[in-house]
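Enquirer: So the protein lines, in turn, are chains A and B.
For what it's worth, the working numbering labels the leading residue of the first sequence as 1, then goes sequentially.
For what it's worth, the working numbering labels the leading residue of the second sequence as 1001, then goes sequentially.
In case anyone wonders, no lab produced these hints; they're calculated from the structure.
All values derive from a computational prediction rather than experimental measurement.
Beta carbons are placed, not taken as given, at the ideal position from N, Cα and C, and that holds for glycine.
Do not rely on the hints blindly, as some may be mistaken.
[Stated by the list, open to error] Example chain B residues on the side facing chain A (calculated, C-beta under 8 Å, incomplete):
| id | residue |
| --- | --- |
| 1 | A1172 |
| 2 | V1175 |
| 3 | M1208 |
| 4 | Y1277 |
| 5 | P1359 |
| 6 | E1360 |
| 7 | V1366 |
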Amino acid sequence: MAVVTMREALNQALREEMLRDENVFLMGEEVAAYQGAYKVTKGLLEELGGKRVIDTPITELAFAGLGVGAAMVGLRPIVEFMTFNFSILATDQIINSAAKMLYMSGGQFKIPIVFRGPGGSAFQVSSQHSQALESWFAYFPGLKVVMPSTPADAKGLLKSAIRDDDPVIFIEQERMYGNKGEVPDDADFIVPLGVADIKREGTDATIVARSLMVPVALKAAEVLEKEGVSCEVIDPRTIRPLDIGTIVDSVKKTNRVVVAEESHPFCGVAAEISSEIMERAFDYLDAPVKRVSGADVPMPYAKNLEDLAIPNVDQIVAAVRQVAYLD
Amino acid sequence: MRKRTPEPARVGAEDTSATGVMDQEMAETAAGSPSQQTRDVKSAQKNRLADVDRETLISIYRQMLLVRRFEEKSAEAYSSGKIGGFCHLYIGQEAVAIGAISAIRKDDYVLTSYREHAHAIAKGMSPESVMAELYGKSTGCSRGKGGSMHMFDKDVNFLGGHAIVGGQIPLATGVAFASKYKGTDQVTLCFFGEAAVNQGAFHESLNMAQLWKLPCIYICENNQYGMGTSLERAMSSQDISQKARAYDIAAEFVDGMDVLAVREATQRAIERARKDYLPTLLEVRTYRFMGHSMSDPGNYRTRAEIERHQERDPIKLFSASLKEEGVLTDSEFQSIEAEVKEQVEQAVRFAEESPLPAPEELFTDVYANPIEPGKH
């Protein structure tokens, strides 16, 4: 196994899948000549050529729709949003076309497309560039939503997403592109969609975390270990379809759960997970489910305010202490 | 009837004399009195008749009549509660879909808006499957899941039926992109109303289509009303074909009441698309005789205005030309009318007798690769 960054792992997945299937092509703003705004697509134009790696104008609605149209007739587009903030312009095509095409055509037109790019908060880029939109997309039947938290997951899940015959929203985290981790060398390595991963085993409390919150939750678990609280950290990895079974199994063991997320709390994914836990494991709970979410405000610019808006280790530790009645 | 080779393409982006400019004949037609307009279309149509073989002319006429009668029957079924939801009728605009689709091959693609029953039938879908879809039956082209606004048939490359104004324009651009990517010579026809021209999707798509040279033919069916809002009240610059200039795309203004004019303009666009992967914008001036949908009281326009346009009913104009030129006799007209009537009645019988979708169909077709979470 080689140690690579999340950025490199994603690049490997793109390259391998494009070499594997000539119907796969990549398009988006600055993906080709510029080699990607975040260098995820570095080297791909040179290796695969301009037919397969395509710079688009800044025209998110139409290139998202163009991808969906191409997918209707057998191509397998990967559409990069420079950041998912810009996908907001393309939501008509993602929701009204990609998500519903198979259903409203009575099963005739599948849409094998991946919409990918960074989402969530970055480094002081303020309100319009710091949004976690997974709950929007996860709301819609017809879409699959994936959020990796390690380089290995990023590579394995992206390969699965590209091979999947449904539209997949693949949200990377801008702050995590430089994170390093071991990635299997095997070209056939994939991580299946819809399967949660237990990132750390524990017995006293469950922390459900995704994307940027996974390393934060793991640090919180280390802190709590020293206090004698053993935490299990579960990363759903796929938001839709959600592997609630793995989460519920953990809750049945630990009887206490904290759901951590970077996004706003209202109508968020943590709210959904909390509700599912209550419906499926109410009798196993020794405390109400506790959420730790991003602040319910647009993201501020000032460094100190931005830090306050994003959940941190201390907040997760405090939440676990609360559900364990240690305070 | 003589057969002639089609005229070479006469309008290209490089040909500024024609790009986006209404030709003289059309300008006069648009400006003249109704009776003058009728005479002009007739004389133009007669000239065009000579270029088309008899079999094709009859097929075009039969299809126009079929979709007219089909829509009349749909209106009836809607009024008696057999068809639900929205139902946008095509009556008055038949020359556009029939004329354009008569010019393409079976393996070419068609995408359009929610006013698409005629396009679906013209592309080769059976009236039965279209009517059954309107009835919400399991035998419908979309198995009862799409309805009036979402007809699809993969077997004939009819790719919908899209109900967000302008939403099909990027999709069609993508279908054309795929033809070029795969190296085929298939072309894509993308129909939309003039109101869609105000959407960003139109402008964004035309930009990419010419930038990347995609074989997409954009057919704007300018029926002069976006629901109840007239073109004049919605568009600052109303010369739609002119807008192609902004993207360096070849364009033509076409009389949408003359089915052969639409066919010929589409043929010129097809030649550009097949040979050189070039897009075209056609502004086809037409008029819908019915409301925007079945629930439209239509109080935004006068009876007189509608009647003025009905004088140029595309089916009446075409049948008069066919008759005057001796293509069809009275008895042939009558037998076509009878055949079409029977076809539509058969479609209704089929829809009436077909079963509803089974309840378990509610949960099928959401995903092509359904995943049971937690299972490797």
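Enquirer: Now, for every hint given, state plainly whether the structure supports it.
Expert: Hints and how they fare:
1. For B:A1172, the interface hint holds, the least distance from its beta-carbon to any beta-carbon of chain A being 6 Å, beneath 8 Å.
2. The interface hint given for B:V1175 holds, since its Cβ lies 5 Å from the closest Cβ of chain A, which is under the 8 Å cut-off.
3. Hint status for B:M1208: holds, given a least beta-carbon distance of 6 Å to chain A, under 8 Å.
4. With its C-beta approaching chain A no nearer than about 13 Å, B:Y1277 sits outside the 8 Å limit, and its interface hint is violated.
5. Hint status for B:P1359 relative to chain A: violated, with the closest Cβ pair at about 16 Å, above 8 Å.
6. The restraint placing B:E1360 at the interface with chain A is violated, with a minimum CB-CB distance near 13 Å, outside the 8 Å limit.
7. Given the 8 Å rule on beta carbons, the hint for B:V1366 holds: about 5 Å separates it from the nearest Cβ of chain A.
Violated hints, in rising order: 4, 5, 6; the structure is consistent with all others.
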